[in-house]
Each structure stands twice: as structure tokens, then as C-alpha cells.
Amino acid sequence: METSEVVPGQLVRSISGRDVNRYFLVLKALDQKHLLITDGLYRKVEKPKKKKLKHIEVIDSVAKDIGEMLQKGKTPTNAQAASAVQQMLVNLELGS
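Residue 96 is where the sequence shown ends in the UniProt record's numbering, and the numbering goes up by one at each step.
By construction, these hints were calculated from the structure, which means they are not laboratory data. Hints are not guaranteed to be accurate.
[To be verified] No more than 30 Å apart at the CA atoms, straight line, and that leaves these computed lysine-lysine pairs for BS3-like:
1) Lys52 to Lys74
2) Lys74 to Lys64
3) Lys64 to Lys52
4) Lys28 to Lys52
Make the full structure from the sequences, and use the hints.
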């Protein structure tokens with residue numbers, strides 16, 4: 001998988017490291033192997049986590065409002081990021 005397949009605002013799950021099984025939003029792709037991710041709670045928007053692409057599972061769910069905000073060069077608040085993650089997780093559970 002390449003970072004070109006991951007879009008800003010997309011939900012991802014950590015599959016390795018101390019944050020294993022935690023869900024995050026993609027803020028930005030740094031290069032072909034690294035992403036900046038946040039959950040708005042433990043990993044704040046001001047200090048996102050740099051994570052290798054091979055250490056995450058990409059979930060087919062995108063927070064469109066957050067994605068649009070990031071594409072316009074605006075930064076979401078921690079509350080917006082945390083709310084988006086929680087809402088997408090609820091939607092995934094209801095869809096299953």
C-alpha cells in the first residue's frame with residue numbers, strides 16, 4: 001500500500017507499537033512510507049504521531065468534513081478530530 005491510497009481525514013487503526021488497536025485520523029502523508037495521525041485525545045492535533053504505513057490498517061471510512069478542512073489548509077480542533085473518530089467507529093459498528 002502507498003500513501004497515495006490514503007486520504008486526509010481517513011480512519012486508520014494502529015497494528016503495532018504501544019498504540020496497537022487504537023484508531024486515528026490521517027492528517028497528512030509525509031512521504032511514501034509515513035503518515036501524520038491524530039486521535040484528538042492522546043495524540044493531539046498540535047503534536048500528531050508519525051507512523052509508518054506498514055504499521056497501520058486503513059479503514060474504508062473518511063471524515064469528509066475533516067478531509068475538506070485539511071485540503072483547504074485548515075487544522076481541525078482536537079474536539080473535532082476526537083468526535084470524528086468516535087462517530088466513524090459508531091457508524092462502523094452499526095454497519096456490521
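Check whether the Cα positions of lysine 64 and lysine 52 lie no farther apart than 30 Å. 23 Å, holds
Assess, step by step, whether the Cα of lysine 52 is no farther than 30 Å from the Cα of lysine 74, and give holds or violated. 24 Å, holds
Taking 30 Å as the top limit, are the C-alpha atoms of lysine 74 and lysine 64 close enough? 14 Å, holds
Lysine 28 and lysine 52 were given as a pair; does the straight-line alpha-carbon distance stay at or below 30 Å? 12 Å, holds
Going through the hint list in order, the structure satisfies each hint without exception.
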